[in-house]
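One line per chain: the protein sequences are G and V, in this order.
Just so you know, the first sequence maps onto residues 519 to 711 in the numbering used here.
Just so you know, the second sequence maps onto residues 1362 to 2612 in the numbering used here.
Calculated directly from the structure, the hints in this document are not laboratory data.
Honestly, I wouldn't trust all of these hints.
Claimed, not checked - Each computed DSSO-like pair below joins lysine-lysine, with the alpha-carbon atoms no more than 27 Å apart: (1) Lys-1713/V to Lys-559/G; (2) Lys-1747/V to Lys-559/G; (3) Lys-1747/V to Lys-633/G; (4) Lys-1520/V to Lys-664/G.
Unchecked claim - Estimated spans, in silico, between C-beta atoms of each pair: (5) Ile-1671/V to Asn-621/G: 36 to 46 Å; (6) Ala-1660/V to His-529/G: 27 to 37 Å; (7) Asp-1711/V to His-585/G: 22 to 32 Å.
What the hints assert, rightly or not - If we take Cβ atoms under 10 Å as the criterion, some of the chain V residues that face chain G in the derived model are: (8) Gln-1427; (9) Ile-1600; (10) Val-1666; (11) Asn-1679; (12) Tyr-1682; (13) Glu-1901.
Glycine included, C-beta positions come from ideal geometry on N, C-alpha and C.
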Amino acid sequence: MIKAILIFNNHGKPRLSKFYEHYTEDTEQQIIRETFHLVSKRDENVCNFLEGGLLIGGSENKLIYRHYATLYFVFCVDSSESELGILDLIQVFVETLDKCFENVCELDLIFHMDKVHNILAEMVMGGMVLETNMSEISTQAEAHSKMEKSEAGIAGAPARAVSAVKNMNLPEMPKNINIGDISIKVPNLSSFK
Amino acid sequence: MALKIVKGSIDRMFDKNLQDLVRGIRNHKEDEAKYISTCIDEIKQELKQDNIAVKANAVCKLTYLQMLGYDVSWAAFNIVEVMSSSKFTFKRIGYLAASQCFHEGTDVIMLTTNQIRKDLSSPNQYDTGVALTGLSCFVTPDLARDLANDIMTLMSHTKPYIRKKAVLIMYKVFLKYPESLRPAFPRLKEKLEDPDPGVQSAAVNVICELARRNPKNYLSLAPLFFKLMTSSTNNWVLIKIIKLFGALTPLEPRLGKKLIEPLTNLIHSTSAMSLLYECVNTVIAVLISLSSGMPNHSASIQLCVQKLRILIEDSDQNLKYLGLLAMSKILKTHPKSVQSHKDLILQCLDDKDESIRLRALDLLYGMVSKKNLMEIVKKLMLHVDKAEGTTYRDELLTKIIDICSQSNYQYITNFEWYISILVELTRLEGTRHGHLIASQMLDVAIRVKAIRGFAVAQMATLLDNAHLLTGNTQRNGICEVLYAAAWICGEFSEHLEDPMQTLEAMLRPKVATLPGHIQAVYVQNAAKLFATVLQKHEGETDSQAAQETSQLLIDRLPLFVQSANLEVQERASCILQLVKYIQKLQQKNVEVAEEVTALFAGELNPVAPKAQKKVPIPEGLDLDAWINEPPSESESEDEKPKAVFAKEEPKHYRSRNTEVDEKELARRREVRKQEQANNPFYIKASPSSQKVYDAPGVEHIPVVQIDLSVPLKVPGMPMSDQYLKLEEERQQKEKAERKKKEKKKKREKRGKGRKADSGPESEEDITPAQHVDIVTEEMPENALPSDDDDKDPNDPHRALDIDLDKPLADSEKLPVRTHRPEVLKSPAEDRVSESVPPETKKKSSKEKKEKKKDKEKDRKRSKEEKKKKKKHKEVEEELLESQPEEPVQSEETKEAAAPPTSTSAEASDLDFWLSSAPVPPAAQEVTVPSSAVETSSAAVPESEPDEPKDTEPEDTKSSKHKKKKQKKEKEEKEKKKKKRHHHHHHHGEAGGEDSVQNGTVEEEEPLPPMSNYSVLAENSFIKMMREDAEQVYDIQGNHQDESKVVVSIIFENKSDSFLKSMEFNVLDSLNSKLQRPEGAGPHDGLTVPFQLPPGVSNEARFVFSVQSIVMPQKLKGTLTFIVKSDESSTHEKLDFKLHFTCTSYLITTPCYSDAYAKLLESGDLKGSSLRLEGINMPFHHLLARICFHHHFSVVERIDSCASMYSRSIQGHHVCLLVKTSDQTVSIDAKCDEPSLLGNVLDELKQTFSKC
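Extracted from the complex, chain V is given alone in its bound form (with noise of 0.2 Å):
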């Protein structure tokens, strides 16, 4: 054995590692190719081989041939043995294996779950992080829902290494498990304060990502966000941060109002460009945001502008480019202010950088106004001439048309000039774009009808010289345009003035080169333009020249009738024998002319793209029902056993069963002939009245006679300028004459005889060379307007569309891998083995296909749910409105109103940060205790108006578990607020512990709301509320020895006089100590770094460094400051007392149940336990309080039993066995720190004993 592994290891020695392999295909350039087939040989053989050494080496190889482009996946499962090497240096080369070649459609990917969740857990961090890094890049939706749940650990990993690539893989898992979002969402959350900065920016990277898909569902994170920008110093998260509000505003235009001064003084200081081009950026979209509501911010404008220009002008191409990038943004909602720096943009054009051409082209577009628009496509068709290569040149020419049919050709007064400007297009050669000017040719002439006369002898000229256009070569794209030249030429033959030389163009024999849909097209037209000139032949009576025309058909149709295209053939071979039986009527002298029109009688109207998909399904029209009726699947079923008795009776049976059958298809006939009949819909055999056009008489067709003053071609000068010239004439002119007029008749409206031109006239009105009527295009009737014709039902995006903010409900947790199949199946063990039965993955798909149907139903629960909210705080503002004066009453219903309340105060608590006018300081009223309400009832009522901004920290708040306290702080302080006479002071007076709000609990089901709250102190001119030391954590590295714990405190003012100058400080214990800034000593007080106003309230934190916590501690302090009124100036002093529970050094963690079994099969924990009586709660409120007041989770919960989890910021381990039974609750606790878990039981009991 040994031996094997030495030899083993020498033959490793004459392998090809990955550099041999390189140097190997460098040294055969010639038969590069033959060189690697034999290299993959090798590389075979060696994946036989059980050295996994050997093997890794192989998958290192392919790896390198995956990027030269050879297939690899055959190796796929080779992969993934080198991936569960035990080695890092193998399973790293697996990883990337698989990351470069492993896909959704790989199967073996199944295989590797087990792997990756043994890796995902490894103690070694690097091989955490190297599969977290494969998984990131061939995530399947089985491996999300398998592993999202570890990923979620490890987003609380002590690494910060991990804990970063576990939270940026979140958003892969979203995307491939979007029912993870709601149950992951609280934890990324937390990630954006997390003391790593790689960490939070990963957690920033993710939720932009999200947000940008879905913004709606994530504004309630904007003062979170803000407070990031204000306070983070990384680039690279600022600009994402920035860019996450660019997105946020349009949906939040009060947002933008509060970001526009933060992002000025970021221009304004910032000296990286990035970052002021990303500004710039969000401040455009802010302002475009606000266009609508308020004009007042010409200033920022100006700086943006100024900013771009300075951007623009720079020698760096890159800053030139973003810069004009930037611009066409502002453009769409400030012209103004960007046509002001038409120079600097038509200077761009002449740029030696295409990308720098082309954003100025976009700018360009919005510029144009009627005054300028011939001037600028004057310019583009001199670029178009001097434009090297054909990707700019095509991308010039789709510019001119874009900007020439913007909005409905709004800025187009002439279209003669327009249909010149298309035909010297066509002289573009190999352009790709010969579609869309004939698309630009098909639509002008169909909705001017005022320019079909210049149209169509345009056209007939085009098709007189279409040898130009094909002459090149056949692939040639322009081709294109002669398609819509026959069709115009055809279908508005009455305006040509020579009909026969037309048609004698299109029936050439060159036609026959071109593409088969052209042809089709021209056989077609030929036939309308032989209607038009029979009849016009007819009408001069000239025999002779009509039938000349029908031999001339008859003569060069056959050889459209041999075409190889189907649709060529069918069209020649029919129109040739209409043609033939017309000749025979002519030689009888039978007047055909009117017949042959009226073949082609009526007009085209355009019709609106959408316009097949806005109708209307009819009332009663189902059209998934079945026509005919299904064959049953019962029946013949039914007959199988009936097959018995055939036997016996067989005639009989039979004869009786298709009498049966007859007699029921009769009646069905009938009923559906009945049903035919009445539906409208159905277009029956008869002839009905459909609409039959009236063909126009000959004498009705207006015969246009063109002025052929303006030559189609003029040597030297391409023809359009001369429209130019023309209209600068004219504009000029009407502008004397405008003069004349207005001297004369000042009222006089001008314009009257313009029907229909769209949109508003530019400030220069200018009327257009015709009168143009634009036809607008078809709609139905009644098409119902709906706006989501342009998502794309595909976007995986959309499947993450979901309400953040909404509570979790039980059946949302992440699927848990558990050792107890029977509390809930993981589907990842069935995949332990390698084959999957059948059975299973048809199990799976269904579920994926419930799966489906649960997320469309989540998603209609959550709109209606949206629903109900708004409904539910319409209501109860209306409660809070109507009953100014029923305290007690309104009570009752606002405690059952509660929970949905909770959820919507989330908006509510965004709107009260949104909003810059001052809310109601409902935080004044809840300070009036009933001690002081002589002293301050005065100052109360009405001091509103002045409360200041910098009520925003205490809003920006870290986790959202805080937050959700906060909001029922705030609801709480409403309802105070309503009730100010019949005062309930639901708080101890002084370091009470934590409190419940209202003291009893009904047998309500909702959870009636609690509080983290107390107060801490108070007199008639201040006071202190504490919050419950939550936020704690602890300092990596010495774990053991010093913990610190934050303890956020509410300052309120309640006097009418200013308070400044707050100190506070604490009385430091052995144990405990207050953190002071370096070079503090230890008795000096901390300043509070804000000043209170009467009647507003501020948070600060301190924080406390603890060396153990197994004990609870008080700590006596006092809190100095000076109160300042009008007259006076006093200094005034608050004692109080902190009091650190036990409790307050638990962090609420995770725990899942199998981590949770081992735990407790360990042994290392001591136990000990707790008897409650005469507790009548419902047992769910009873686990809320203890998870709430106790940062406790819950691991699991079986009827009236359930098994919870804490940890200490130590790491001691706190585990619960709660019980109840008729009003006793029995709570078996372990732990491996006795002493901490006495004192946390002892305050278990203090909570309940409360209540």
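The shape of chain G in the complex, shown without the other chains (with noise of 0.2 Å):
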């Protein structure tokens, strides 16, 4: 089982939470900071496991995790799932999202959570891997949006236009915020078929 799914950024700023269990807001907020703890101090070239934290679930579990660019993608994991496993999951995520908004940077990430969130429930689902091929899971996640769009049909137009113009009259936005691109070749690991 999955127990949580974490997204934050390097300065532990969430981008994405996702617990598969209970926890009041408090808690996850304590959670996604100590996870961010136990993960920020790590170097680059050490392994991607490590023992859970103290607060979501103690020693059965395990924290598994990528960092790319400005982005670390945490899975919180119990003893079933395959560890080199989850970390394939993981990229099949990344790769996922990279295809879904074209070349995905953390801007992505910010403004679109929603849609983060759509796509990873195609993946996992109440804690449990729902599919693992990448197609599969951006074809659902690109008939969502084409059901969106045409629900959205004219009556949405306007406010597009508006949303865009919002977007355009903000000269400051591509200025503060420094983008790396996630990169996604990792070297080692064989995906799933």
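Hints in hand, dock the two standalone chains.
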């Protein structure tokens, strides 16, 4: 079982948090902070597993993470999951994001948290892995957005226009964010068939 | 109105959407909290509007804020509103928000039941998908109960996208509503063989998760998983299955043996590291499970260790980590094969990665021996000094203690060394584990009597230098050590060289800064020391010194009397008064030492941590019984009506009442006294013969001279090192001595003096430096051995420990929502209204309670049944063995025993699959038809031994349903075996239809066993048995024009020759065609993919494509094969006719009564009816037969009337209404395809005309 999936940046700002067990908002924030502290002080070239924090489940659980440019992707899993399998899964997740957002960067995750959630939901459901096939995941995600567009139809057009204008009116937007492309080439791992 | 909508949508344009909110937060870095609170106000406004789009937008923003840590539960109702929007976009937003913030305590959840049900049955698969995803996050026991049935239906949805989600969510449903597991399990099992890999993987996932918690219930699935493992190419599925096998093998070593080979193959062949690693892991698990029995797997161990070494040496840190992890598992059972890699592991201790170092530490734990313990610990101590960061250092510290103390200090040969190590560890700064060191010190000092003198000396020094430990900070956890030091010095004060000095050290003013509980120990032990000192002085008749000591206490103790800590205060003032009194006595020159020492006399023995729990409850003690009779409620109720009369004669009434009460009370008191007197466990008021410890006299206290040639601190060299050197020298000396001795007396036994050094001696046989007596922990006498101590009663998975092989009882069906409340009242209906009246709530809680009880009962019941099953099995076996020549008689007894055995057969099935040694091939005897007795009987009798293993596929078959049949089939065979001469051939000779075993059915209650296999054709060489096309599935997409039917045929070799090159061919008709591989011509035969040695049977499946299913079909076919015997080989052929009945196109599909009612109301169905006379079998047998042979399912049954449903592979609905009265059965049937219906009814008639 996967207990939680967290994405946060190099400063510990949460970009996505999905808990498959209930915690109060305060505990959730504590878990994110604790996980960030555990993960962020690790060097780049050490192993990607570490024994779980105190807050989320204790010794049964493991944190499995990957660090891409500015973002940490952390999966908290119990002993029934294969460590290397989850690493591959994170890879699949990131590659799917890359496909759906066309060259994904931290900004995409910041502004489209809901969309990331929806993609994740096609991959992991209630803490269990639903689909590992990347093309299948992205097909479903595309089908979703297609439906969304068809529902919005003409009525959605003005709102979209306004939001486009809003985006244009923000000259500072590209400046204050430094985006590193998420590098998705990771050697030494076979992905799923 | 229209204007309003337009206005609304224009307003919307300028509402903040999620992106604006995020942008806003980023632009208000300084006053983020304030900005967010204004945003939340806006959101509250938006939620008040009617426009659902605005609401959805607001909820979407809330989801984001929830991630930032804001509580949004106040909007729960709005979230439900958005969930119920008809638009997918909004619905999704609602479900996402719900999945993020709903939980079991959210009260609006109960409003969602119907909405979710609606979404689950939505025609739009994405609505269903979104609902399933959301539900998986917030499912509650109530939701699980109400929706279990709907989700179960979705498991057979046409879209694999829905199927896989429905399968996956079942796990959550099981967790919340364990009663659903048994009814849903058969379908879940079916999904293991779903054509869609995603669904298959989901099913594997769920079953693995279930099996991990309660593996024994899933052992029977092993063959199925084994088949999946050898056939699947999906690495994810393979990993899961292999992990599952890792959990199953400890329960069934035979499974392990079977696994080793395919796993080793995978290890050699796979390129995926993840798979390789899991394979190695499971092989290790197998080896562990086998380790007790067979030592012959050294090759496998070698392979594992070798592969792991490669992993550990890899530059990838991940692989290194996992390699070490797996290595530690091997260590437990095969320590020797790991110990040879000590170099590698010690090397890992220097790795820069902390996780890897920790794993290496774990390994070291298992690698120590008496010989290398000191060396390894020395290495670790070096690491302790070097370590940066307290967490790693703490980890090292605990590991050192773990390593040394493991299995009752088995590896420690020199406890002086160990005490010094502990003392050295106290110098660590800022460790959290002070208490751990302290408890070790206490443990060693208490349990190793020989070391007490040394320990006390060390502790005294520690107390003297307490300022070093507490010097830095108060929060320093290390001062816990002083607790142990003070206690040891006090308790074993007779070993102290200079008790006065220690006493002085314990009463320093600085002590008052220590934590309260430590001070308390100080005060108490100061009193013990005081007693020792007094005794010493009085022994030397030095009354001056004795009085000085008293004065010291009287001077120092007031400091503690003022302590804020209650415990310290109480003890201090108590002791202070005592000392004052003693001083008075001293001044009168009275000898008090003996009395004072008596205060602290007696020895404390260690008590096992579980000892308290293990004290058996004495017979006759009922802890729940009332001590005093409770005031009975009925009495007070009775008084009310009496009050009417009380007015008339109040005095009389009252006086009589009290009189009675007093008498009664007196009587009760007497009884109670009597009881107490008889009860040995009641502590009586009178002073009883309590054990009084004999105070040892002063002269008996041995004063140990401590050889202080080993100074406590050697500058520049930690002192434990000295022990290492000493030990080495000692060992060498000993070795030399031993050699001498051995030369002299080879047979003399060594180590006579060692009383109880626990644990087996290592092969080096190192004698410890001291003669050590490790006191074992005390346990109460006749403690009950219990193994359930370790189970957590709150574990939700415990509820899922359910026997899955037991047949379903009627009461276990999932609650179905119906339109007729009198049939089954669905609790969901009550929830439609927003407010639930309190009464129903109470009810539901009651229900829950009842359910709990039921659950418990169930558990018990299942246990009992297991026992019964076992018995049955045994009984049956006995029967079979003892009555070989009385076939007719045994027939009846077996018939009666049939139902229970059908459940136990599952287990025997597994046994069959697991046993690599051939089970006596029951199959052979079956084949002895009356015509061929002569030819084959010669071959039959004892050609058993060489039955090959490849009978597996027969057993690893798909659906549970089928499996049962097989079991029966097997039973049948076994029976036949015993009835060799009296052969009842129950099948039609050729091309027969379904047949019922053993012809007639008596009036017995249990269902007669039924078989779906029928003989297709046979000759003296081979017999073909065919299963009715049960395994029918349709190809998605082209539903209407073409369907596929799978026919399983069992080929049985009846001759004593080898049969090979079998070719199966069928003459295609326009309607039905045999599916041939691509490139084959329309008349080419299909090669049967196996050969048959004599007496062996095997099963093959053939796929036919069928266009129209409304008519039964007959296909002519031939089987050609070569019979090879020693002398010759001949070509033979066998003709047969394949009969596809219309029934075989029906699929058992459950239907719910509401849907059924709708179907009938719709009017699309044409009717027809049938009357059967002279049927004298119980109604439920009749129904079972229809279900079994004709693939119907019962929708509803009321008395002697039942509605049934089935669906054809092309989607025709077939509905039956079956009524019975006086041997007459009338069947009214409806179907949207009249000719199909007609044929089905004909077949029904045929089935029943046979009995």
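Original post:
Taking each numbered hint in turn, which are not upheld by the structure, reported in ascending numerical order?
Top reply: 3, 6, 10, 13
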